[in-house]
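Whenever a hint applies, use it, and build me the whole structure from the sequences.
Number of protein chains: 2
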Amino acid sequence: MAFEMDERLAGSSHFIEDWGLCRVSLKNDKNWPWLYLVPMRDGVSEIHELSPEDCALLADEIAFAGAAIKKLYNADKINTAAFGNMVPQLHIHVFGRYKTDAAWPGAVWSVQTAEIPYTVDEKNTEIQKLKNCFAEMRGDKTACQQ
Amino acid sequence: MAFEMDERLAGSSHFIEDWGLCRVSLKNDKNWPWLYLVPMRDGVSEIHELSPEDCALLADEIAFAGAAIKKLYNADKINTAAFGNMVPQLHIHVFGRYKTDAAWPGAVWSVQTAEIPYTVDEKNTEIQKLKNCFAEMRGDKTACQQ
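Taken in order, these protein sequences are the chains called A and B.
Each residue of the first sequence is one higher than the one before, counting from 0 in numbering that gives the first Met the number 0.
Each residue of the second sequence is one higher than the one before, counting from 0 in numbering that gives the first Met the number 0.
Keep in mind that the hints were calculated from the coordinates and are not lab data.
Be a bit skeptical, because a hint or two may be false.
[Unchecked claim] What follows is a set of in silico ranges between Cβ atoms, one per label pair, in the way DEER data are often shown:
| no. | chain 1 | residue 1 | chain 2 | residue 2 | range |
| --- | --- | --- | --- | --- | --- |
| 1 | A | 119 | B | 16 | 50 to 58 Å |
| 2 | A | 85 | B | 40 | 29 to 37 Å |
| 3 | A | 121 | B | 124 | 52 to 60 Å |
For clarity, every value in this text was computed on a predicted model and none was experimentally measured.
Backbone N, C-alpha and C define an ideal beta-carbon position, used for all residues, glycine too.
Encoded structure:
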């Protein structure tokens, strides 16, 4: 059976692509460049419930996502978090922070910020930029030459 | 030169022990069972700045810390976060959450909670419990039989 992403995660983000372990999506909020990484493993809520192999893969994909956000959006700092207090399906937030953003230097959760959804065009543009960035970082010449 | 932990991290926590990659300490706040994991690598601020080997080790140690907190403190959920907006030295927060805690189900950063420091006796007790738990989980028979 195909992996199913929790509807609250799917409903608050736009699918980008699947990696070796994680489904990667863009949080539908223009306040910050923000990715969800969701390990495609059923019934896993905690990082320590992953197999050692998946755990190493997760670290690699978190690092990759952070490096991409840093590179593409010129973020001042990458923030990474796995809570899951509301949505038990294991998901990791990886997002860029700026010294000028509304919550800096606090956690984004320390301020109430209204979400700003992407328009359809904006969403399509960001997803393509992210896909190209990921491909370039992976050394995928075909994608780079497009 | 020996690794030096940022004074703000060292000053807000109690040293427990060094693992393969991380210095592990107990945040000096009884509100939550809370560990700091600080990779003993100079000049690293982001997860993606670690070598691939260190990155895999970090994932392993984050998972181990989470499993220990779950086991020892019977936490309802493990929360994990790496921000570093104020203290650039890479450090990972791994802590236990409870359905009855002051911030549940929100992020702990969404509420203002006064820190409750451990007394010296309490601190010593918790550190010993954590050391024993880590040793037991590592299958260290000597420590288990104490």
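Original post:
Which of the numbered hints above does this structure break?
Top reply: Hints that this structure does not satisfy do not exist here, as all of them hold.
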